[in-house]
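Residue numbers (my numbering), protein chains in the order written: chain Z, 1 to 203; chain B, 1 to 116; chain G, 1 to 151.
In short, the hints are calculated from the structure, not lab data. Wrong hints could be hidden among the right ones.
With the Cβ distance kept under 8 angstroms, some of the chain Z side facing chain B (calculated, not the full set) [stated by the list, open to error]:
1) Y6
2) I9
3) I13
4) S16
5) A27
6) T32
7) A48
8) V58
9) I61
10) A86
11) L98
12) G107
13) F111
14) A158
15) G161
16) E197
The structure displayed is predicted, hence computed values, not measured ones. Virtual Cβ for every residue (Gly too), placed ideally from N, Cα, C.
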Amino acid sequence: MLFLFYSLIIFCIIGSIIAIEARNILASVISTGVVGMGLSILFLFLGAPDIAITQVVVEIIVLIILIRSTVSIDNTAITKHRDTFAIISSLIFFGLFLVFAFMAFQGLPKFGEPLMTVSSEYLEQSVSETGASNTVMAILLDYRAYDTLGEATVIFTAILGAFVVLRSKGKKGKKEPDTVKFGIPNIDELSTRKSEEKKQKIQ
Amino acid sequence: MLIYFLNSILFVMGLYCLIAKKHLVKKIIGMVVMEYAINLFIILIGYRNGGIPPILLPNMDKTEFITQSVDPLPQALVLTSIVIGLSVLALMVAISLRLYEKYKTFDMSEIRKLRG
Amino acid sequence: MEGMTFIVKNITRVIISIIFIFGIYITFYGHLTPGGGFAGGIMLACGLILLTLAYGKNMAFKKLSDFWASILDNLGALTFWLIAIIGYTGGYLFVNFIEKSNPFGLLSSGTILINNIAIGIKVFASVFAVFLALTIFGRFVSGFISTEEDN
Chain Z
1 MLFLFYSLII FCIIGSIIAI EARNILASVI STGVVGMGLS ILFLFLGAPD
51 IAITQVVVEI IVLIILIRST VSIDNTAITK HRDTFAIISS LIFFGLFLVF
101 AFMAFQGLPK FGEPLMTVSS EYLEQSVSET GASNTVMAIL LDYRAYDTLG
151 EATVIFTAIL GAFVVLRSKG KKGKKEPDTV KFGIPNIDEL STRKSEEKKQ
201 KIQ
Chain B
1 MLIYFLNSIL FVMGLYCLIA KKHLVKKIIG MVVMEYAINL FIILIGYRNG
51 GIPPILLPNM DKTEFITQSV DPLPQALVLT SIVIGLSVLA LMVAISLRLY
101 EKYKTFDMSE IRKLRG
Chain G
1 MEGMTFIVKN ITRVIISIIF IFGIYITFYG HLTPGGGFAG GIMLACGLIL
51 LTLAYGKNMA FKKLSDFWAS ILDNLGALTF WLIAIIGYTG GYLFVNFIEK
101 SNPFGLLSSG TILINNIAIG IKVFASVFAV FLALTIFGRF VSGFISTEED
151 N
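Isolated chain Z, as found in the complex:
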């Protein structure tokens, strides 16, 4: 079982090396899709089928969005000078980071024996208190529903931001506002209509 985990992680690392160093942008986008699918198989073997389903479906939407941003764009400029200062300094920093991370991982519990101080309470009482058999869903929507509310707000805000940035250029010509579709009359038009009728009556 451990050999399976090692081989899948090494597959993901090789895939991400290809994604970083490829010359063609379309090739690197496809390669990051492959990394996501390999990660989903790894989640399935780690005992998380919920996460595996979500990762596969989200990976498909990520591929659609990224391919939209690279295809059909006329992009022929090739500049060849590298940023050597950034590369050398980042490599030195990463060497230090890996050394300290190796020393910090000695403090974590051994891989395969989790502590589970809070989760044992959740596992014992989820069926009797909430009635749901899926403990992950019971945690997300009953014990910690406040976090799900925060997540719904973040998704709403990010997609609202994407809409505002991509709005079509300029608003030439008046569009009728949304309230008219529901039957509520527009206040500005009412006042202008009334003033025009008064002018016609006077004349």
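Add chains B and G to chain Z, keeping to what the hints say.
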């Protein structure tokens, strides 16, 4: 131990791509790879040797279920994180498309030069 | 954006009902089998994206224009908030106030079912709205795929 180390190698490669490359789409791909590494790390912490998923089936013994299932709490956190990553990626791609329309290039060092 | 060839249109007609039913099943039974509101909502959005790609953009606007997509999005978020605030009658926020009946049934878990449906509708409308905004709103930058990179 070794598996946590391999996971941090994946994270460091995503960070390198974010810093040292100049094409805007490559930077976005670097952020996506960093996100995969972080989600994997949180799930690796909650794994139990020979564990079963935390779903109760109709004919299962209750005490056996408690001593054999994996940790359900990190999985709830990672589910939130995956969907938030998707929506932030949509915002990043929208901004990069607008930058391309204004400056006609994806090269970051061209965009950074002060003009006028 | 035009549609695709005749073969793709016919196969889409058959497969899209299966995709919708599967998405609704994963949303509704989220408290018994793996899945839940998020995965089910994104699957429904994938089905509608397939319909758009195969039949052209007029069909997409007929099924779900951007006005109704934002209305559905807000309905999902408001339902979630409503269930949270009604729970105040039980003492604190988000009380599971509906009766819980036989385990392993569909109606066995109180407000978890309603929350799953609300989140499924919200995520479906959001992802489809992002797809419409990125591809159909007239922001095609011209030219073809010359995807060489600048290092």
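Taking the hints in turn, this is what the structure says about them:
1. Y6: With a minimum Cβ separation of about 7 angstroms from chain B (threshold 8 angstroms), the hint on Z/Y6 holds.
2. I9: holds (5 angstroms)
3. I13: Cβ of Z/I13 sits 6 angstroms from chain B, so the hint holds.
4. S16: holds (5 angstroms)
5. A27: Hint violated; Z/A27 Cβ to chain B Cβ min 11 angstroms, cut 8 angstroms.
6. T32: Since chain B brings a Cβ to about 5 angstroms from Z/T32, closer than 8 angstroms, the hint holds.
7. A48: holds (5 angstroms)
8. V58: holds (5 angstroms)
9. I61: Holds: closest Cβ of chain B sits about 6 angstroms from Z/I61, inside 8 angstroms.
10. A86: Nearest chain B Cβ about 5 angstroms off; hint holds.
11. L98: This interface hint holds because 6 angstroms falls under the 8 angstroms limit.
12. G107: The hint is violated - Z/G107 has no Cβ within 8 angstroms of chain B, the shortest such distance being about 11 angstroms.
13. F111: OK, holds: Z/F111 within 8 angstroms of chain B, min 6 angstroms.
14. A158: holds (4 angstroms)
15. G161: holds (5 angstroms)
16. E197: At about 45 angstroms, which exceeds the 8 angstroms cut-off, the nearest Cβ of chain B leaves the hint on Z/E197 violated.
When held up to the earlier numbered hints, the structure conflicts with 5, 12 and 16 and fits the remainder.
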